[in-house]
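Colleague: Spelled out from the first residue to the last, the chains are:
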Amino acid sequence: MSSTISRNHRGHLQPWIAFLGLFAAVALPLDAANVERLLPREGLGGWVVILLLAAAAYAAVKAERSAVTAILLALASSVGAWLALDRLPGLAGHAGPGFWALLLTSWLLAWALVSQLSAIKPRAGPAGFLLKLAIPFIFGAWLLVFWQVNVIALQVPFVLIPPPSAIWLKLTSSVPILVADFRQTILKAVIAGYVMGCGAGFLVAILVDRVPFLQRGLLPVGNLVSALPIIGIAPIMVMWFGFDWPSKAAVVVVATFFPMLVNTVTGLAASQPMQRDLMRTYAANYWQSLFKLRLPEALPFIFNALKINSTLALIAAIVAEFFGTPIVGMGFRISTEVGRMNIDMVWAEIAVAALAGSVFYGVIALIERASTFWHPSFRT
Amino acid sequence: MTTLVAPGLIAARPRSLKKPGHVFPVTVVVVAILAIWYVGAFFLNAQLARDVFARQKVEPTISQMVDATMSMERPLLPAPHQVATELWKSTTGYAINSKRSLVYHGWVTLSATLAGFVIGTLLGLLLAVGIVHVSSLDKSLMPWVVASQTIPIVAIAPMIVVVGYNLMNGQLGLSTDTSRFLAKAMISTYLSFFPITVGMVKGLRSPDPMHLDLMRTYTATGWQAFWKLRFPSSLPYLFTSMQIAIAISLVGAIVGELPTGASAGLGARLLAGSYYGQTVQIWAALLAASILAAVLVAIVGFANRIVLKRMGMAR
Numbered sequence: 209m210s211s212t213i214s215r216n217h218r219g220h221l222q223p224w225i226a227f228l229g230l231f232a233a234v235a236l237p238l239d240a241a242n243v244e245r246l247l248p249r250e251g252l253g254g255w256v257v258i259l260l261l262a263a264a265a266y267a268a269v270k271a272e273r274s275a276v277t278a279i280l281l282a283l284a285s286s287v288g289a290w291l292a293l294d295r296l297p298g299l300a301g302h303a304g305p306g307f308w309a310l311l312l313t314s315w316l317l318a319w320a321l322v323s324q325l326s327a328i329k330p331r332a333g334p335a336g337f338l339l340k341l342a343i344p345f346i347f348g349a350w351l352l353v354f355w356q357v358n359v360i361a362l363q364v365p366f367v368l369i370p371p372p373s374a375i376w377l378k379l380t381s382s383v384p385i386l387v388a389d390f391r392q393t394i395l396k397a398v399i400a401g402y403v404m405g406c407g408a409g410f411l412v413a414i415l416v417d418r419v420p421f422l423q424r425g426l427l428p429v430g431n432l433v434s435a436l437p438i439i440g441i442a443p444i445m446v447m448w449f450g451f452d453w454p455s456k457a458a459v460v461v462v463a464t465f466f467p468m469l470v471n472t473v474t475g476l477a478a479s480q481p482m483q484r485d486l487m488r489t490y491a492a493n494y495w496q497s498l499f500k501l502r503l504p505e506a507l508p509f510i511f512n513a514l515k516i517n518s519t520l521a522l523i524a525a526i527v528a529e530f531f532g533t534p535i536v537g538m539g540f541r542i543s544t545e546v547g548r549m550n551i552d553m554v555w556a557e558i559a560v561a562a563l564a565g566s567v568f569y570g571v572i573a574l575i576e577r578a579s580t581f582w583h584p585s586f587r588t
Numbered sequence: 008m009t010t011l012v013a014p015g016l017i018a019a020r021p022r023s024l025k026k027p028g029h030v031f032p033v034t035v036v037v038v039a040i041l042a043i044w045y046v047g048a049f050f051l052n053a054q055l056a057r058d059v060f061a062r063q064k065v066e067p068t069i070s071q072m073v074d075a076t077m078s079m080e081r082p083l084l085p086a087p088h089q090v091a092t093e094l095w096k097s098t099t100g101y102a103i104n105s106k107r108s109l110v111y112h113g114w115v116t117l118s119a120t121l122a123g124f125v126i127g128t129l130l131g132l133l134l135a136v137g138i139v140h141v142s143s144l145d146k147s148l149m150p151w152v153v154a155s156q157t158i159p160i161v162a163i164a165p166m167i168v169v170v171g172y173n174l175m176n177g178q179l180g181l182s183t184d185t186s187r188f189l190a191k192a193m194i195s196t197y198l199s200f201f202p203i204t205v206g207m208v209k210g211l212r213s214p215d216p217m218h219l220d221l222m223r224t225y226t227a228t229g230w231q232a233f234w235k236l237r238f239p240s241s242l243p244y245l246f247t248s249m250q251i252a253i254a255i256s257l258v259g260a261i262v263g264e265l266p267t268g269a270s271a272g273l274g275a276r277l278l279a280g281s282y283y284g285q286t287v288q289i290w291a292a293l294l295a296a297s298i299l300a301a302v303l304v305a306i307v308g309f310a311n312r313i314v315l316k317r318m319g320m321a322r
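Just so you know, the protein sequences line up as chains U and V, in that order. Just so you know, we're using my numbering here: the first sequence kicks off at 209 and counts up by one. Just so you know, we're using my numbering here: the second sequence kicks off at 8 and counts up by one.
These aren't lab readings, by the way, just hints derived from the structure by calculation. Quick reminder that beta carbons are idealized off the backbone N, C-alpha and C, glycines included. Be a bit skeptical, because a hint or two may be false.
The list that follows gives simulated cross-link-like pairs (lysine to aspartate or glutamate, EDC-like), each with its CA atoms no further than 16 Å apart [unchecked claim]:
(1) Lys396/U <-> Asp452/U
(2) Lys106/V <-> Asp184/V
(3) Lys329/U <-> Asp58/V
(4) Lys209/V <-> Asp145/V
(5) Lys64/V <-> Glu80/V
(6) Lys340/U <-> Asp145/V
If you want the footprint, here are the derived chain V segments under chain U, 3+ residues with CB under 8 Å [unchecked claim]:
(7) 32-46
(8) 95-108
(9) 209-222
(10) 231-241
(11) 287-297
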């Protein structure tokens, strides 16, 4: 069967399955322990959900791609999910088939929405950007919904996986602790180590650049060291620099040094012989050709290293804290709260780490965009 | 080239010259690193040695100082030969299944690494195939996979270890060692699967549109186009990602040994060494882990060269 036929076919199939699911959601009990509890008896909310789901499924069958359909799909799936989440606490452990049918129908409509949105050709400008953001957002939101529903409805033990709502509660109620940990790990250890490690890697690369012999010797060694489990030096650094943040910063320095060195050396060799010849015909000296030709050419490589290092630095600092730290810091909090089975606190800390990591990366990507706008990879 | 040419342009030597070898420069760099290590060991341990001599009320000569700093029981920085001796002793000196043998600890870590790496690679491949072939997966899931590259995933290792361990040991009734093994393998899986996915999505998309069109003119099915065009042309990407993945999956296994109070594995060895101040033991474990990582990456690189050669893609 050719793939084009099946794709068209699927587009029509989805809303029909949604109809079936809607029928099941209306006819089957929401509560496995109470057969009388049906969706139409859930008051105004229940009826709004039923009507919206029906309208969205109908619109999806009738007019496949239109703004009205998309809005209806978005409304119906989010209202369906809202109702499911709203009734969830009363159904913990005994959710009925009607409940699952409601949830899956809403999800199916959300999926139909995603496939509609991803079929749109993205345009430049803020609208295209919003579209590109909306699709993964819907996916992530539904992931959270399924997480919440499954954990509560199936009564997964709290120490295994806490529901997202509990993590959010913990996150908002322990802001001072999280801020203190963030300051200790990110603002002190990571930033200091990152700046020193990347700076040292860059300077050594510039020095090495003048000696091709060292270049040939250092590149393979640097590549090798980049693959080694650098984190293992954490106990040694703790021994040398004490329990506080300097030892973590030292691990970060070592972890970030080699990727920076290797990338900068490679980048400095990236300019074309023709371009270097041109510099020579201009009688440019070493520094002129370095600053006007070879460093700009090396920028994409340097930013690549900066981006790799942003993640490496966080990992190094957090893991180094597993080896001994004062009683503050993200790695410390994660390892002790795991030991005390406060898994929600661990998740809150991980959420902070994830956010910090993406912001760190994002800032560097923005700087890269601003400073290498001339590079072919950004001129689309 | 005359001295009139600016020194920086020596790098711009003509391409026609034969590319010089790497062996000699690498040797020189390694020797230099060892020399710096020795000098560093002397100066870092000097204070400790001086304290010892002061307690014995002896005024040390230079040669006595060198001797003392190079052969300390618990130095701040052990000299390279001390580490090498310890490594040799702990790999060959004991029976392989002895708790004091580094081979035993290395195997505990290696087995979890390999299990996690294999599962992670398969999962990553599967996900990449899904992303390449289903456009809504591409638009909705791929941004998350890319974003996940920017977050310190290792941070969740302790949680996976403890929770996974409790789940498997307590709820499923598996033995202690199996649970630890599986928990570590889970971390390695998780860590190795993202680079594979990202690399393979790139790789499976790497064939020229022209070639894909050619497949269509042959009325090749999606399945045939995948096996005959997309998959073969993605292999260089697969091997590059696998080199990253195996290195990071070793890191995952080592980190996974830190929080459960595991008594076996290179990570446990590092932790025990740091508790008891056994610096030589730490360095030996670190060196063993590094050798393991280098060998694993080299094996993947070797497989890469053989496969690409047989496919006629070697550069």
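Colleague: Compare the structure with the hints numbered earlier in the document and write down the numbers of the violated ones, lowest to highest.
Modeller: 3, 5, 8, 9, 10
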